[in-house]
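Engineer: Sequence:
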Amino acid sequence: MDRKRAWNILKPILKVGFTALALWLVYTKVDLAVLKRLWAEANGWYLVPAVVSFVICQVITSIRLLNFFRNIGLPISVKSNFRLFLLGMFYNLFLPGGIGGDGYKIIALKQRYAFTTHKEVFSAVFFDRLSGLWGLSWLLAVFSLSMPQVQQYSRWVLLAFVAGTIIYYWVLRRFFKKISQRFIITHLLAICAQSLQLVTVAFILAALGCTTSYWPYFAIFLLSSLASLFPFSIGGLGAREVAIVWGAATFGLDKDLAVSVSLSFYLITMAMALTAVPVLFRKERRTPAGKNGQAEQAAAT
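Counting from 686, one number per residue, gives the positions in the sequence shown under the numbering used here.
Please note that a few of the clues may not be correct.
[Said to hold, decoys possible] Below, a list of computed lysine to aspartate or glutamate pairs in the DMTMM-like style, where the Cα atoms sit at most 25 angstroms apart:
id	residue 1	residue 2
1	K940	D787
2	K804	D787
3	K764	D787
Simulated from the structure, these hints should not be mistaken for laboratory data.
Starting from the given sequences, assemble the full structure and let the hints guide the process.
Structural biologist: The structure is reproduced here in structure tokens:
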């Protein structure tokens, strides 16, 4: 067995193991009876706007990704792009040992548009992710101004954000000029998407009966989103909850409520990812795709 094949077998085992360990650590820090009571007494009506805001968030995120694809000249339609986006969510959550959502997008688009290069497609997907991280960092910088626990560091946080943005934009313009097109619109979309995630969290907090300020919970949710970006667990499950528990302890918040919010957000994410299942079973069809005479394949396996 070669090294690559061995890693492909070991990778999902490690992810499942890390996820299980992280959830066990969370289990030791929270009261399951309280979690059960929170969900049993939750006001389900608030979950409707929570789901709606999450769906809008994902639509905006897919439009941001489409802008990056347009930057490199891919003639992909809005509908096909959204299918591809949903499939990426599905691969990330339910096929953790495979190529992953981003890897699937790169392979599918390279096969669909032979005229483009692997580097261009990879760059579009990578900088889409990076723009999302930039939007998350922007919100964290703003929150540092309003939270007493970290206000003493807010000047340094803002300075780091501004310096990082300047370096980020310079690298983008210097080495990835095509990708840097539509910079303002893609990064405004990133802020909108991250903000809508907080709207989703706000409705979940309301559903779970939170009567205290939402702002500290927003802050630890954003911090936990950073933890979920590292590909050590299944779709960020476990990693986000460990960060949530640590953040709740640091800021003196209700750990049970914070973990309930995180798990509820994960369930909403999982429900939307499952909508990609019909796409997986669609028959492939080909339609003309622009002047290059390439064929655009519908987003399916």
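Engineer: Of all the hints given earlier, name the ones this structure violates by number, lowest first.
Structural biologist: 1
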